[in-house]
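With the numbering used here applied, the sequence shown corresponds to residues 37 to 330, in that order.
Hints are computed from structural coordinates only; laboratory data are not their basis. One or more hints might be untrue.
Distance ranges between label pairs, derived from CB positions [said to hold, decoys possible]:
# : residue 1 : residue 2 : range
1 : Thr191    : Arg77     : 17 to 27 angstroms
2 : Gly241    : Asp109    : 18 to 28 angstroms
3 : Arg223    : Asp305    : 20 to 30 angstroms
4 : Leu230    : Phe59     : 15 to 25 angstroms
5 : Asp292    : Asp41     : 14 to 24 angstroms
6 : Pro46     : Ala215    : 43 to 53 angstroms
7 : Gly216    : Asp136    : 34 to 44 angstroms
8 : Asp76     : Gly160    : 27 to 37 angstroms
Think about it this way: if two alpha-carbon atoms lie no more than 25 angstroms apart in a straight line, the pair counts; the simulated SDA-like pairs of lysine to any residue are [stated by the list, open to error]:
#  : residue 1 : residue 2
9  : Lys38     : Ser283
10 : Lys159    : Asp109
11 : Lys159    : Gly255
12 : Lys152    : Asp41
Model, not experiment: these values are computed from the prediction. A virtual CB, placed ideally from N, CA and C, is assigned to each residue, including glycine.
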Amino acid sequence: MKPQDVLKHPTRVLTTDQRAAYFRDGYLVLPDYVPAAWLDRLRAAMSELIERSRGISQSDAIYVLEQGHSADDPRLHRISSPQDQHPAFWDFMADPVMTDLAADVVGPDVKFHHAKLNVKSGKGTQGFGWHQDIPAWPHTDYSPVTIGIYIDGCTPEQGPLSVAAGSHEGPTFSMYDDAGNFVVRIRDNDLAWLKDDMIRSLTGGPGTTLLLNCRAVHGSMPNRSAAARPLLLPVYSSADSFPYTPSPIPSPHQGDIVRGTAARFASFDTRPLEMPPDWRFGYKPVWAHKKPAY
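From just these sequences and the hints, can you work out the full model?
Structure (C-alpha cells):
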C-alpha cells in the first residue's frame, strides 16, 4: 500500500502529526512505547537465548558471535529470527501493541516478513555502515517498515541506530562492493550527499520504539559501553506488498497476516531497485566477506 492510500485510514496508535512525520522524515521515535510487562517477558526470553549461545563456538544461522565470545562470556552481535527461537517473541510481534502500530504506517492489513535481535554486546561490539534495507528483501512496493525496540534503552555510547533524515525520498543505492559481493553497505563514493546536519542519532530509555522506512539510509557506530544494546527488529509490510525474492533470514512466519486480511491484488511501486543475490542457494552474511561491511 502506498502512503497516499495509508493516509486514507484513521490512526490507532500514532497521532496525525506523528504519522505525517514518519512519512516526511523516513523514521519516527516513540519514547517508552512498549509496556514494562512486555519488556520483562522479552528480557527473560532474550536471557534464555543468550544462555543457549554458551554452547556455540562459531556463528551459525541463528547466532552471530562477537570477537571474544566464549561459554564463560557470551558475546553476541545478533540472534536471527528470535520469534522462531522463543515463543515470547512471536507473541509480542503478533500482539496489537505492535500490529496496530504497524498498521498506522503500512495500512490496516499487516503482513509479517522477518525479524532479528541485534544484541550488540558491550566492550567494543561492531557497528554497521550506512545502508538501506529494502535491497536485501525487495518487495512490490516500499511499504515495509522495521519497528525497532530498545529493550534496555540506548545511550549515545552504545552505538545507537542513526538515520539520514529524508533519505527515503532519495535514490536507492547499490549494496554490492567493487568485487561484486553483496555487503549491504553504500560505497563511500556514493555518500558525498550525506551531511552531518542530516544525521539523527536515535536514543532513548527502555521500551523506546523506532519506526524506520525500508528506503531510509541508516547505520550505527560500535558499542563502546560495558552494557549490551539489545534492539529487537521485526519487519512488517502492507498485506498487498509481496516479496520478489526469498528472505535472507527465513522464518515459517514469513507472510503471516498479523492484522486484518490477506490481499487479493498486489500493490506496485515502479521506482527501480537493484536485486540481491539469489538467496535460494544460501545467504552469505556480510561479515563473512574478506572486507567486512561494518
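Where does the structure disagree with the numbered hints, that is, which hint numbers, in rising order?
-> 12
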